[in-house]
Amino acid sequence: MSDDTRYAYAVGRIRALEPRLLDKSRFDSLVEARNAEEVLKTLSDTVYGPFLAELKETRGFEEALNGELKSVLRLVSDLSQDTELTDIFRLRYDFHNLKVLLKIKGLGSQLPSSKSRPLIDAGLIGPVKMENIVEEDDYRELPRELRMAAEKAAKAFRETHDAQRIDVILDREMYALFSQRTRENGHPFLREYVQICVDLTNIRSVLRVRELKKDKSFFGEVFLEGGKLDKSLFLKSYEEPMNNFALLLSATSYGALVSEGIKYRQEHRSWSELERLADNHLISFLKRAKYIVFGLEPIVAYFLARENEIKMIRMIMVGKLNGLAVDLLRSRLRDVY
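Residue numbering for the sequence shown follows my numbering, beginning at 1 and increasing consecutively.
The reader is advised that the hints may include incorrect statements.
Distance condition first, Cα-Cα at most 25 Å in a straight line; then the derived DSS-like pairs of lysine-lysine [claimed, not checked]:
no.	residue 1	residue 2
1	K152	K105
2	K155	K103
3	K228	K290
Read the hints as simulated data drawn from the structure, not as lab findings.
Modelling step: build the complete structure from the supplied sequences, incorporating the hints.
The structure is reproduced here in structure tokens:
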């Protein structure tokens, strides 16, 4: 809560770290860099410097970024007085790893080599342990909610052989868990954050599902409960032009981003602008934490701001390694905290 004096020291620590967040001018410099090596050099005097200094080759940057992500997560764990709440940010990575591993196992694929592994070592369960759990189809060592979600997803795949069911079930179980925890712990800031995440996920889903010409019943299966927007709002204009859906949302805080995202899609055949605007919407919400003196909010906002930084650095590095134009990279930058 915003008057929780248990966090007096923690908030002071976060306020001391916030000036080290990368600002817009720094990201402009990264985008303008001639190549990936110059991007890393530009980051050498930032908090990422120590991790990047250990790189043996430029393409190993993912390992350095993941190292910094784990460092920030450790800080959050050390400062948190409410681990039931802050653990949800680590659980997101557990759910991600479960999705990857269940689909790899179900489809009979092999896990990529260590240099290109799709697993992220930032959850409550280490990737190697999670691999063994999924391979043995024995989920008893997982936390209860994660175990139940994994068992449901694995069972659904065995019955349907549809890998999409894994995504649908794990997303539903994850957000149901997050909604329950933020509600039971009486934390309105985090509760609203989860609601916004659910709404944005549903918005992405309805636009993509409609584009695939799926019927209403299919969207009903992928719709997530727990957001501010009711399912009826999504179904109301389901069979009408997409612009009508944007009009329906015009009175909500999502109206502009949906309208602009659809317009960009129609002109460029890409949802990248919708994704960028959705991330900016979340950052805008998190900025409320700057004005909170005591409470968990500044810690959560700082972590998510750092996570946003890492996401943008990764995007820039991948872009440089693949020769993307500066203007294209700049157009994909998110707002900073």
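Sort out which numbered hints this structure fails and list those numbers smallest first. Structure breaks no hint.
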